[in-house]
Amino acid sequence: MLAKRALPVAWLATLLAWQLPAAADEAARLQRSPLEIHAGSERHRLEVELARTSAERQKGLMDRDRLAADAGMLFLYEEQQPAAGGFWMYRTRIPLDIAFIDASGRIATLHTMQPCLSRNPYDCPVTIAGATYHAALEVNAGYFEERGIEEGACVTWPGRAEGCASATE
Numbered sequence: 626m627l628a629k630r631a632l633p634v635a636w637l638a639t640l641l642a643w644q645l646p647a648a649a650d651e652a653a654r655l656q657r658s659p660l661e662i663h664a665g666s667e668r669h670r671l672e673v674e675l676a677r678t679s680a681e682r683q684k685g686l687m688d689r690d691r692l693a694a695d696a697g698m699l700f701l702y703e704e705q706q707p708a709a710g711g712f713w714m715y716r717t718r719i720p721l722d723i724a725f726i727d728a729s730g731r732i733a734t735l736h737t738m739q740p741c742l743s744r745n746p747y748d749c750p751v752t753i754a755g756a757t758y759h760a761a762l763e764v765n766a767g768y769f770e771e772r773g774i775e776e777g778a779c780v781t782w783p784g785r786a787e788g789c790a791s792a793t794e
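Mapping the sequence shown onto our numbering, position 137 (from 1) lands on 762, and the numbers just tick up by one.
FYI, nobody ran anything at the bench for these hints, they're computed from the structure.
Note that the structure is a prediction, hence the values are computed from the model and not measured.
One or more of the hints may lead you astray.
What the hints assert, rightly or not - Below 20 Å or equal to it, Euclidean Cα-Cα: the simulated EDC-like pairs (lysine to aspartate or glutamate) are:
1. Lys684 / Glu770
2. Lys684 / Glu703
3. Lys684 / Asp722
4. Lys684 / Glu667
To be verified - Here are the in silico distance ranges between beta carbons for each label pair:
5. Glu771 / Glu704: 21 to 27 Å
6. Ala680 / Ala709: 20 to 26 Å
7. Thr757 / Gly784: 19 to 25 Å
Note that CB positions come from ideal geometry on N, CA and C, so glycine has one too.
Please model the complete structure; the sequences and the hints are all you need to start from.
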């Protein structure tokens, strides 16, 4: 009798586990790194997921329901990206701030992006960088404003060839 009851429970548990969002798997497989934003005398520390490949950058934070307060995603590029380049929020469920980071490690531009839940990707707006960039940092919307982080702040992470020490922090 117990075996008859356990079978539907096991089947239901398997079904529910199978339907868990793939976003959890995506987050688990991306490399993580500490990151610091130097804004005046303040240091703001984050733990970021690194999006290094084209596929990782295209997926970004799609299909995520939340992002921890001290977390983000750092999009890294080997080549300088054009000022006309940008990011979109297709299938992104949470509002985000984005910092486009120049070759010196400084925040060149900041933007806030709203979720786009449309099934048609062409309905989703693109946020244009407005400056050339080598990296982009996505965090929860409001993060930069709440901490007084502005354009010109220095962003550092392990693996960067150099920091921003040559300019005023």
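Exercise. Enumerate the violated hints, using their earlier numbering and listing them in ascending order.
Key: Hints 1, 4, 5 contradicted; others consistent.
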